[in-house]
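Asks: Here is what each chain is made of, one letter per residue.
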Amino acid sequence: MSKTAALLAVFLLTLGVGGCVAAPVVPPLGMVYSDFDAPLGLGGGEVGSRRGESSVVAVLGLVSTGDASVRGAARAGGITEVKRVDYEFYNFLGLYQRFTTVVYGD
Amino acid sequence: MLARSIAALLASIPLLGCVGAGSRPDMAYRMAAKVRAPVIPPQGLLYSDIKAPVTAGGTDFGTRRGTATSFQIGLPPLPVAGLASGLDLFAWGDASSEAAAAAGGIQQVDHVDYRLEVFLFVYRRFTTEVYGD
Chain G
1091 MSKTAALLAV FLLTLGVGGC VAAPVVPPLG MVYSDFDAPL GLGGGEVGSR
1141 RGESSVVAVL GLVSTGDASV RGAARAGGIT EVKRVDYEFY NFLGLYQRFT
1191 TVVYGD
Chain S
148 MLARSIAALL ASIPLLGCVG AGSRPDMAYR MAAKVRAPVI PPQGLLYSDI
198 KAPVTAGGTD FGTRRGTATS FQIGLPPLPV AGLASGLDLF AWGDASSEAA
248 AAAGGIQQVD HVDYRLEVFL FVYRRFTTEV YGD
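Going down the list, the protein sequences come from chains G and S.
Using the numbering used here, read the first sequence as starting at 1091 and increasing by one per residue.
Using the numbering used here, read the second sequence as starting at 148 and increasing by one per residue.
Simulated from the structure, these hints should not be mistaken for laboratory data.
Since this is a predicted model, take the numbers as computed values, not measurements.
Wrong hints could be hidden among the right ones.
Stated by the list, open to error - Part of the chain S face toward chain G, derived, beta carbon under 7 Å:
no., residue
1, P189
2, Q190
3, L193
Heads up, the beta-carbon is just placed ideally off N, CA and C, and yes, glycines get one too.
Next comes chain G alone, as it looks inside the complex:
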């Protein structure tokens, strides 16, 4: 493999796994493996009796699809009154990443 090809491969690899997560609260991330939950909003009050979740999945940092909106998660859980919002983040080597919005309410 020529130097140019090697650099290009590294560049593409770096590019491919450059997916990121941003949120108001981000616990320490693991670059090899992450699997954690953290709050997204609405910390006070009760939790409610229902739970709904909805996810965005990113593969190789190149393609990502999904619905991690609060609306989507509430609809999935049949929630009309949102009491609390958390999220889950899963990452394996940047190759597979999943962001799940979790809504609690009634």
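Start from chain G and add chain S according to the hints.
Replies: Leaving out everything else, chain S in the frame of chain G:
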């Protein structure tokens, strides 16, 4: 050559999974989404169609929905100094919550989400979705 490639790969590891996105909030912007928002799920450079909340403070969603959109086009990332994260050229449109509310005939906004679509590195569409009455 192999050793050099491995060294370069190791040097790029801090980008894996975008470690430190919390402490380096611009990383998400530079590397992929070209979007700044309170919540940004992992994006794809080649293709993305994702939704995330703009606000997480509302408790219900009302009965109406309105959307408003802005667009961006640019150059793809190139293995050239200065162009590794692409080049953002043109952005236009009104993705304001005001425009979205007006489009949906919404007087009282209950909740705001956004939708981000990325096509082949170079074309991005950002849609603000407003729910309310």
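Asks: Would you pick out the hints that fail for this structure and give their numbers low to high?
Replies: none
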